[in-house]
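Participant: These protein sequences, in sequence, are chains A and B. Numbered according to this note's numbering, the first sequence terminates at residue 545, and the numbering increases by one at each position without gaps. Numbered according to this note's numbering, the second sequence terminates at residue 368, and the numbering increases by one at each position without gaps.
Heads up, some of the hints might be wrong.
Below, a list of computed lysine to any residue pairs in the SDA-like style, where the Cα atoms sit at most 20 Å apart [what the hints assert, rightly or not]:
(1) K311/B - D147/A
(2) K245/A - F265/B
(3) K218/B - Q542/A
(4) K218/B - P164/A
(5) K311/B - V155/A
Note that these hints are calculated values from the structure, not bench results.
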Amino acid sequence: METVKTQDISANDLPWKVEWSSDRCTMCGSCVAACTFQAIEAVVERRSITVSTGTVPDPSRRHLAAPAIKQKRSIAHACVGCGMCEKVCPNQAIRTERNADSRANLLARSGGAPLKRGGRANLGTADRVLDKIVVGRISQMTDPALDSERHTFDVLAPFGRVLPPSQLPFSINGESLEMNGKMPPVNWIYPVIFSDMSIGALSTRAWEAVAMATAYLNEKYGMPIRMSSGEGGMPVKLMESDYLKYSIIQIASGHFGWNRIIKAMPKMKVEPGGILIKIGQGAKPGDGGLLPAAKVAEHVQAIRGVPKADLMSPPNHQGLYSIEESVQKMHMSLNAAFKFRVPVAIKCAASATSVSVYNNLLRDPYYICGGFFLDGIQGGTGAANEVSLDHTGHPIVSKLRECYQAAVKQGRQGQIPLWAGGGVGMTGNAAADVFKMICLGANGVFMGKLLAQLLGCVGNERGRCNACNTGLCPTGICTQDPRLVKRLDIDKGAQNIVDYMLAFDSELRKLMAPVGNSSLPVGRSDALVTTDKAVADKLAIQYAC
Amino acid sequence: MCRIGAIKSKNPLHPSQALHLMLPQQEGHDNSGFAMVMQDLEGEFADFKAKPLLSLACKQDGLKLVQDYMDANNFAPIKEYIPKPNRIAGLDIQALPYYVFRAYEYPEYYRHRSQAEKEELLVDTRLALRQILEEAGEGYVFSFWPDVLTLKEIGDPADIATYFRLWEDNGDLMARNIVVQCRQNTNYEVVRYAAHPFFLQGYTLCANGENTFYTKNKEYQKSLHRGYIGFESDSQNFLYTLHYVHRQLNWPLVYYKHVITPLPFDEIERRPDRQVLGAIRQSLGHLEINGPNTIIAMLPDGSMMTCCDSKKLRPVVIGGDSTTIAISSEVCGLHAILPGRDPEKDIYPNEREVVLIKPDMEVERWKQ
Ligand code: SF4
Ligand code: SF4
Numbered sequence: 001m002e003t004v005k006t007q008d009i010s011a012n013d014l015p016w017k018v019e020w021s022s023d024r025c026t027m028c029g030s031c032v033a034a035c036t037f038q039a040i041e042a043v044v045e046r047r048s049i050t051v052s053t054g055t056v057p058d059p060s061r062r063h064l065a066a067p068a069i070k071q072k073r074s075i076a077h078a079c080v081g082c083g084m085c086e087k088v089c090p091n092q093a094i095r096t097e098r099n100a101d102s103r104a105n106l107l108a109r110s111g112g113a114p115l116k117r118g119g120r121a122n123l124g125t126a127d128r129v130l131d132k133i134v135v136g137r138i139s140q141m142t143d144p145a146l147d148s149e150r151h152t153f154d155v156l157a158p159f160g161r162v163l164p165p166s167q168l169p170f171s172i173n174g175e176s177l178e179m180n181g182k183m184p185p186v187n188w189i190y191p192v193i194f195s196d197m198s199i200g201a202l203s204t205r206a207w208e209a210v211a212m213a214t215a216y217l218n219e220k221y222g223m224p225i226r227m228s229s230g231e232g233g234m235p236v237k238l239m240e241s242d243y244l245k246y247s248i249i250q251i252a253s254g255h256f257g258w259n260r261i262i263k264a265m266p267k268m269k270v271e272p273g274g275i276l277i278k279i280g281q282g283a284k285p286g287d288g289g290l291l292p293a294a295k296v297a298e299h300v301q302a303i304r305g306v307p308k309a310d311l312m313s314p315p316n317h318q319g320l321y322s323i324e325e326s327v328q329k330m331h332m333s334l335n336a337a338f339k340f341r342v343p344v345a346i347k348c349a350a351s352a353t354s355v356s357v358y359n360n361l362l363r364d365p366y367y368i369c370g371g372f373f374l375d376g377i378q379g380g381t382g383a384a385n386e387v388s389l390d391h392t393g394h395p396i397v398s399k400l401r402e403c404y405q406a407a408v409k410q411g412r413q414g415q416i417p418l419w420a421g422g423g424v425g426m427t428g429n430a431a432a433d434v435f436k437m438i439c440l441g442a443n444g445v446f447m448g449k450l451l452a453q454l455l456g457c458v459g460n461e462r463g464r465c466n467a468c469n470t471g472l473c474p475t476g477i478c479t480q481d482p483r484l485v486k487r488l489d490i491d492k493g494a495q496n497i498v499d500y501m502l503a504f505d506s507e508l509r510k511l512m513a514p515v516g517n518s519s520l521p522v523g524r525s526d527a528l529v530t531t532d533k534a535v536a537d538k539l540a541i542q543y544a545c
Numbered sequence: 001m002c003r004i005g006a007i008k009s010k011n012p013l014h015p016s017q018a019l020h021l022m023l024p025q026q027e028g029h030d031n032s033g034f035a036m037v038m039q040d041l042e043g044e045f046a047d048f049k050a051k052p053l054l055s056l057a058c059k060q061d062g063l064k065l066v067q068d069y070m071d072a073n074n075f076a077p078i079k080e081y082i083p084k085p086n087r088i089a090g091l092d093i094q095a096l097p098y099y100v101f102r103a104y105e106y107p108e109y110y111r112h113r114s115q116a117e118k119e120e121l122l123v124d125t126r127l128a129l130r131q132i133l134e135e136a137g138e139g140y141v142f143s144f145w146p147d148v149l150t151l152k153e154i155g156d157p158a159d160i161a162t163y164f165r166l167w168e169d170n171g172d173l174m175a176r177n178i179v180v181q182c183r184q185n186t187n188y189e190v191v192r193y194a195a196h197p198f199f200l201q202g203y204t205l206c207a208n209g210e211n212t213f214y215t216k217n218k219e220y221q222k223s224l225h226r227g228y229i230g231f232e233s234d235s236q237n238f239l240y241t242l243h244y245v246h247r248q249l250n251w252p253l254v255y256y257k258h259v260i261t262p263l264p265f266d267e268i269e270r271r272p273d274r275q276v277l278g279a280i281r282q283s284l285g286h287l288e289i290n291g292p293n294t295i296i297a298m299l300p301d302g303s304m305m306t307c308c309d310s311k312k313l314r315p316v317v318i319g320g321d322s323t324t325i326a327i328s329s330e331v332c333g334l335h336a337i338l339p340g341r342d343p344e345k346d347i348y349p350n351e352r353e354v355v356l357i358k359p360d361m362e363v364e365r366w367k368q
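Sequences and hints are given; from them, build the entire structure.
Facilitator: Quick look at the structure:
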């Protein structure tokens, strides 16, 4: 015992334990090579065996040095359970197991710094409100099935400021109306936006795969899906291409990449799909963004115009004093940059105050806010303090509902389209989530993490992997290390996203048919029921039992 | 599903015609009610066409409440018609003690006000009366408008007709335009107000089918006009949207169909008027109507209109001769009242069509 201190870290203190079986292992070394976290190493162990070689038992003891795969006993190299070792092992000689007795939460803070990680927040993952709601108003005989396979459906949502009918610039000419003035720009798009995950947060290949899937869905399948660039800019080539129209350019508090966007403007052949001003995000609200230096690769430095260092987006737009000012800011950037030809929306974290912000925007007399994006606690991919990811934020569903009802109260529903996100598709069945969100008042939703999962992310809500902040993403999605990035097959990743969205689209129609709608059921809360009284009361939907 | 119908004629008709139009279609409804709106009146009210006519059903105290309110607001009654009911035993009708049709003189200080101001006064008066009667639980007021008479009752349409002597063509209640519905209990409670047609400021409308966007329509309409209240039936939305588009926004009638059943986005894109149609679909999305239905409407000028949902899931037919034209859920109704017409000329509007019978009986068909 003298050489061992009781405070020493053992494998049993770590979140995951690696189990390796010597009799299956051929010592190929694949697992060690695959482990980006260097959680395992090849070592030589002293073994003793007892052998008997003669015709009568004559045991003798022999000592030998045998190679072995061993888990490192250190927090810095803790296994994250990503399973890459198991995936590459030809003989199933290695596997990992969640360690119920882990002391990692205590040990990891021994450096005096808070824990950081990437990945989702962990609130109520087993008990989602959306799963307690079902589509309960099924049209009977009087409402014939809008056969989801044969009928046409209008699955489109507005992005942009919608004028109240009385403000439409119409003049009457005999029996027809004529447009005699300008309207704020509105793009009708698919009710799903691929959410803002920046180049930098994602690897170039992952970002490219999402962009490719977006273009493919638009051009091949006529699904007008838009992809938000995330804060951090875009490749110049993309900005100068026709594909720009499928992109929503994001400007956030760090203004990363914006300089290059402005410079590219004169060369843009088409208008972007929209501008999204990120005021706040849902997964770690008030914490700003963080791109650790490990991920600030050369091309990221170039696009963002920054040195290799931790890149912090401030939690809010510095220099902004009030929501009125942010409206003004939208006004300015829109006016200056895109001459009122491109819709500009704003994204806020869900919070007690979201409704006030939305109310303010609804009353804005200039009709310049083209969308209110409400981001809830359960989303998020970026790096953040674990304490923020796990313990701050606001569930999305009730906030979305409150915002919609606030608009209803003023008779302004639909005028600033509501887009909501944060945990949509968490169970892998996004269509049902989206349909329910739309019935509760959303015009559309945004989803991000689901895309990473479709690209191959193995992380989950129970703490598996979630190492997006380390730059060591084992699947090549959230890293800028060229060797790791190469692990990601762009075409396969894009194909997965396309396939998923096609299935999603069919499923959405399957849900629209039984309630008798051929256009999106925005605000059709009467179509939903819940067996949870509290949920029924809070969301003003029917209680059923 | 309700059966709905309307008759427009150059010669004044008795409501028995409307009953003959509806009763062959009887297997399609559950006999839970009957309602009609008559416009361009002859008979008892022939000489009072310019004076607002109040139609109500009430109990004793209700009548007193109405009289007090009208007195207090300087409406002087000038003509009254109270049907003498035929109280034979066993009729399926939940009759109230009084059915009153009473024409009033405008208050002194309103006589020289503009037409628009008078129309606002009339709707405010009806809303006030409705509230008074509703609070006291004393009755129902259906319309208050010049040259318009409304009757609504719960029960078997044939029995209701017997009770009000509507089968007897005695010349007291006559009109050139009648919109009528025999009702099936709707998704909501069977109450008198829920019986179509609905009426607001000269607009009359009845519909059958289901409006799956009822909640969405209602939530939006509530904030658009003080008269958009009640919502006792999911098809009440159709009337309010018609009133909103045609009267409040003052848009040509052709756009009504564009509001309730907008063209799909890709079709809008191919149209030369795409900007206007796109803006309408965008701004009035909450007035869109989904679900299968047919609408019959009468406008303040007496023209009649019919159109269907965008998938044509409910039937309707228009047929007639040079003096009378009728709209009906089923063609058997037309056969009953217009046996001599040429059925070859009957119109079965399609899902994108609006058929309008103008005051001079000219029939127009528009493709949306
Ligand atoms: S599971 Fe992942 S982190 Fe753990 S040892 Fe295997 S490859 Fe390394
Ligand atoms: S696989 Fe990559 S993207 Fe997924 S949790 Fe791990 S590090 Fe993050």
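Participant: If a hint holds in the structure, say so; if it doesn't, say that too.
Facilitator: To see whether the hints hold, each was checked on the structure:
no.	hint	result
1	K311/B - D147/A	12 Å, holds
2	K245/A - F265/B	18 Å, holds
3	K218/B - Q542/A	17 Å, holds
4	K218/B - P164/A	16 Å, holds
5	K311/B - V155/A	17 Å, holds
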